[in-house]
Amino acid sequence: MKAIVCVKQVPDTSGKVSVKPDGTLDRASMATITNPDDLNALEAALKLKDATGCEVVVVTMGPPPAEGMLRELLARGADKAVLVSGREFGGSDTFATSQILAAAVNKIGVGPEDVVFCGRQAIDGDTAQVGPQIAEKLHLPQVTYVADIQKDGNTLTVKRMLEDGYMMVKVQTPCLLTCIKELNDPRYMSVNGIFTCYDKPMEVFDYNALKDDPLIEVDTIGLKGSPTNVFKSFTPPQKGAGTMLKGDDVAAQLAGVLVKKHLI
Amino acid sequence: MDFTLSKQQQMVQKMYREFAENEVKPLAKKVDAEEYFPKETVEKMGKLGMMGIYFPTEVGGAGGDVLSYVMAVEELSKVCGTTGVIVSAHTSLCAAPIYENGTPEQKEKYLPKLCSGEWLGAFGLTEPGAGTDAQGQQTIAKEEDDCWVLNGSKIFITNAGFADVFIVIAVTDTVLDKRGRPTKLCSAFIVERTDPGFSVGKAEDKMGIRGSSTCELIFEDCRIPKDRMLGVRGKGFQLAMATLDGGRIGIASQALGIAEGALDETIAYVKERKQFGRSISAFQNTQFELAEMKARVDAAKYLVYAAAQKKQQAMDGAKVRYSVEAAEAKLVAARTASDVTRRCLQLFGGYGYTRDYPIERMMRDAKITEIYEGTSEVQMMVISGALLK
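Keeping their order, the protein sequence lines are chains A and B.
This note's numbering applies: residue 1 is where the first sequence begins, and numbers increase by one.
This note's numbering applies: residue 1 is where the second sequence begins, and numbers increase by one.
A few of these clues could be false.
Short derived list, chain A residues pointing at chain B, Cβ under 10 Å [claimed, not checked]:
#, residue
1, 189
2, 190
3, 238
Worth flagging that the hints you see were computed from the coordinates, not collected in a lab.
Cβ atoms here follow ideal geometry from the backbone N, Cα and C, with glycine treated the same way.
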């Protein structure tokens, strides 16, 4: 049994944020961290390991320095790391990224008892698309916004958070879950974990390692395979003060304002 | 000397910083104000391997190195001097002498539980009439059939109220020296909290490190099995001195951490505090004070790290002693801590004198580093002794 955790190295937005002239983030000039929700995903996998002794594999797509992040995740308790890295993968949007990550997860192999964990979304793009897309491409059942997991054999009972409540969902393994911060408190790296993390196995999947997977085509990966175009990145302008309506006929006043603005 | 941190050392430093910020700093005020011993922090540190950092995994340690231990005490002490000394006394004064002098059975019995934090360790040398003065020792251990019987008391014992295992120095023999004068010989013993005739006395009401449990140890016909003697009979004082060499590196790290923590707080404060229409960081007095303090803190840091590297060589099997390096590190780091915290408080002005800011606590915590595990004067005796021998 295995838990596969998809993680992303993201710019530390608590520090300096810089944007390139083409409107995308200047990642090279920013400090990096492991995406916070992905740490919740890893913690969920490590809890499963504590309970069942399963193997925990972390996988990320990124440039070679992402190895540093993977080593830290091994120091937290993961058993094995996979770095998906290659020039051909550069410039991928969520669609292309999920093609590549799905192929990587395929290569790691999803067994009948296995669970794929993802964070809900990354703090750099906030799309929350990659996890669900991986599930679709691997034909795995998925539950998003997971805040609690109970395991009984091959059945997981999962609490799925909604804006104004929650659902309890039963799902069979293999499956994919996207995790939110309410799910758990990520553990720290341990001292022994740190001193042994460079002895744990780490594999690099480059283009050649994945190219035989049907998901990997010239027009499904990298910049060419990315239907998304970023026109502009900007800090949204601050909202001005609102207008308070007063009196007995606020509904009528409001309707008047909306009509004036051609909103109704 | 190479102070480049390895990838692992950089990683443990990052982990300690996150841990100190999230788990230790929020408790620091309570630890001081309520003399609260942070048991929950000790438990968490045990799980992370922070209670046995530089011991090999075969004895239950985390398999790290001495510098990684030094950085742990440093990072903890940046935000809470009490938490720093809990780790230092436990590791350097209890686990280390067992690791360095214990029989295989003693190591097997004590080290895994000490390293996991399940058991907390302490060390008893100081008595009302004797600390560094070996001949003043009054605690006596007498051999009886199948056990040792201890009588006497120890004072100012760090971690005492919460410790499970104590390394205790007691007089076992009296011999005549070359001139025919009687000379006391000490031996070291491992005493467990539950041993009959052993009790922990009153806790001291201290100026600083107020959450640290500093108590008296009382031995009234305390019977312990024969196999609890640690190291060679009659060589207990030497064992204690060698143990304190390691302990001093830990206290030097604590002093370093307190100074760095005070400087961090002060840098943040002077940027936000405004007087005469501008931030006080714009005044040259502030700038020069900060600059000099930073230089002194870094100088202390290099001495502390150098001592750690020397101890590492000894751990790796080299026949080297690090008494002088440890004494130099402690002398300089402790003075730096007292000096820097006092000057930082001055930059805080009246607010620094209140308990609304952590700086007065740091100043109170700093003072002890000039006193325990050998006063600064004792460190100078060690250093000059090596120079003039």
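Hint-by-hint comparison with the structure:
no. : hint : result
1   : 189  : holds (5 Å)
2   : 190  : holds (5 Å)
3   : 238  : violated (23 Å)
Hint compliance for this structure: hint 3 is the single one not met.
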